[in-house]
Amino acid sequence: MALIDTAQISGLTRFLDAASARHRAITTNIANVDTPGYRTRDVDFRSVLQQAGIPGMMETSATPQTREVEGLMERPDGNNVSMERESLLLAQTQLQFHTGVQLLRSEFRRVMTAITEGK
Amino acid sequence: MNLFGMLGVSRSALTAERMRAEVVTANMANAETTRTEEGGPYRRKLVVFRSQEPTSFPHIMNARLASSGAEEAGVKVAGVVEDPAPPEMRFEPGHPDADAKGFVAYPNIEPVKEMADLMGAVRAYELNSSAVQATKQMIQQAIDILR
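Protein chains in written order, with numbering that gives the first Met the number 0: chain A, 0 to 118; chain B, 0 to 146.
Pulled out of the complex, with its shape left as it was, chain B reads as follows (with noise of 0.2 Å):
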């Protein structure tokens, strides 16, 4: 068994974990935002996990030397999808890109939505923090046998 490759499953979420915060940060930075480089209102953007196989050297290495590794599964992210939600439109006649009718398209994001898939972001993040200081502990208490 190899204790250091745990380190490298809570990595693989700890950057995901800080990718989905960044995706949603993103989401209320722009939560009024109307142009954008493909044109229209900005759309919501969504972060999607996959468990992934690990594919760390001693990972594989232990896969080929026992055959029975590549069980564990960190994570990744598979992707950013936008939310195929339609944009919100707002009566403002005086905005410069209101339509002919004068509605502005403005993007389908609610804070509260976006905060609460923050805190989940951030508590996944601090859980996986502390699996990451058990593990360290455990090495530290394996090397402490040599003493």
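So that you can see chain A by itself, here it is in the shape it has in the complex (with noise of 0.2 Å):
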């Protein structure tokens, strides 16, 4: 069903799954903010959306990996969250799932249109 499998579907549901693996990676983040030793965590967005591009990465569906953010200032328990950085990513990543969510359901209307013959 090439039509209603397109490939901005598959692109944009790929995308919708790196905003939610990012937002849970944020999330964790924030509830850490006072554990000592955490260290922030963070999913690599834009290796993942590369992924995603590649017609034939498509079927591996990797999940996205997280890891550790180098560079963050240290507080003297060892922990590293900044609630500047995560609040601001939250955001960010709200927006980016809203984004995708709009840009899949007019993916849909549009398919919906040909079945109608455009009614």
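Hints in this document: simulated from the structure, not taken from any laboratory.
Hints are supplied without guarantee of correctness; some may be wrong.
Said to hold, decoys possible - Computed footprint of chain A on chain B; a stretch qualifies when at least three of its residues, placed anywhere within it, have a C-beta under 8 Å from a C-beta of chain A:
id, stretch
1, 88-100
2, 111-118
3, 129-140
To be verified - Sample of chain A residues at the chain B side, in silico, Cβ under 8 Å:
id, residue
4, Ser19
5, Pro35
6, Tyr37
7, Asp41
8, Ser81
9, Val110
Unchecked claim - With the Cβ distance kept under 8 Å, some of the chain A side facing chain B (calculated, not the full set):
id, residue
10, Thr27
11, Ala30
12, Phe44
13, Gln91
14, Gln93
15, His97
16, Thr98
17, Arg104
Owing to the predicted nature of the structure, the values given are computational and were not obtained by experimental measurement.
No residue lacks a Cβ here, since even glycine has one placed at the ideal position from N, Cα and C.
The task is to assemble the complex, starting from two chains supplied on their own in separate frames and drawing on the hints.
Have a look at this one:
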């Protein structure tokens, strides 16, 4: 079914997956804002999206990997979560997710227009 | 990816931060307490946070299915410990708990320190509750795709 399962839809699905994976990493960082020794983790958003952009990679559906973030200021208790960074990324990821959802909806509407012959 | 699992992560943090605020409040309430069940003055209590592996059903199932999960961690209170700092001795000969030399052992609690800790707990709680709001909106938007 090439009409419904368009490249845009699978790409957008990967985009939403990546956005929610990142949101999860940020939520975890925020939860551990006061845990001694906790290191900030993040999803490499760009590499996930690059994978999504290559047609052959779409079927592998590799789950986005989280990794530690370098170069953040560390507190004396070994924790390096920055509240500003996390709340900023929280808002950013939320908007990215919203964008993805809206694009997906418009894509589905387009398919629907084709089904109903534009009526 | 499971959006609902993130609510569990935030929930664990909200619980932990509330616990921290409760302990700080107890410290402030007992700033002048000279008698406890264990004997001696009240000892300042501190919470210890530890990151934890998720234990909810979807998390475990996803980890078993994909063997990729178990990276996300919530937070939990590993324990409440007592501050080992010695009590503050004040010279009050008329006090019923005074020792032979007239000194009374008061808890070593500094209100400023406790207030700062309380503010930290409240701010962390707020940050986590805004994370819950964000997650809720994302779940709502994902549902809206169906409309």
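Hint by hint, here is what the structure shows:
1. By the rule of at least three residues with a Cβ nearer than 8 Å to a Cβ of chain A, the coverage given for the stretch 88-100 of chain B is violated, with 0 such residues.
2. Closer than 8 Å: that is the beta-carbon criterion, and the stretch 111-118 of chain B has 0 residues meeting it against chain A, so the requirement of 3 is violated.
3. Only residues whose C-beta sits within less than 8 Å of a C-beta in chain A count toward coverage, and the stretch 129-140 of chain B has 7 of them, enough to reach three; the restraint holds.
4. Among the interface hints, the one on serine 19 of chain A holds; its C-beta lies about 4 Å from the nearest C-beta in chain B, closer than the 8 Å criterion.
5. Nearest Cβ of chain B to the Cβ of proline 35 of chain A: about 7 Å, under the 8 Å cut. The hint holds.
6. Of the supplied interface hints, the one on tyrosine 37 of chain A holds, with its beta-carbon coming within about 5 Å of a beta-carbon of chain B, less than 8 Å.
7. Here the hint on aspartate 41 of chain A is broken, as its CB sits about 12 Å from the closest CB of chain B, past 8 Å.
8. A cut of 8 Å between beta carbons decides the hint on serine 81 of chain A: the least distance to chain B is about 11 Å, and the hint is violated.
9. Look at valine 110 of chain A: its Cβ only gets to about 13 Å from chain B, farther than 8 Å, so that hint breaks.
10. With 8 Å as the threshold, the beta carbon of threonine 27 of chain A comes within range of chain B, its nearest partner Cβ sitting at about 5 Å, so the hint holds.
11. Using the Cβ-Cβ criterion of 8 Å, the hint placing alanine 30 of chain A at the interface with chain B is satisfied: the shortest such distance is roughly 3 Å.
12. The interface hint given for phenylalanine 44 of chain A is violated, since its Cβ lies 13 Å from the closest Cβ of chain B, which is over the 8 Å cut-off.
13. Taken as an interface hint, glutamine 91 of chain A does not check out: its beta carbon lies about 10 Å from the nearest beta carbon of chain B, beyond 8 Å.
14. About 5 Å separates the beta-carbon of glutamine 93 of chain A from the nearest beta-carbon of chain B, less than 8 Å, and the hint is met.
15. A least Cβ separation of about 6 Å between histidine 97 of chain A and chain B falls short of the 8 Å threshold, and the interface hint therefore holds.
16. Contact between threonine 98 of chain A and chain B, as hinted, is not supported at the beta carbon level, the nearest pair being about 10 Å apart and thus beyond 8 Å.
17. Using the Cβ-Cβ criterion of 8 Å, the hint placing arginine 104 of chain A at the interface with chain B is satisfied: the shortest such distance is roughly 6 Å.
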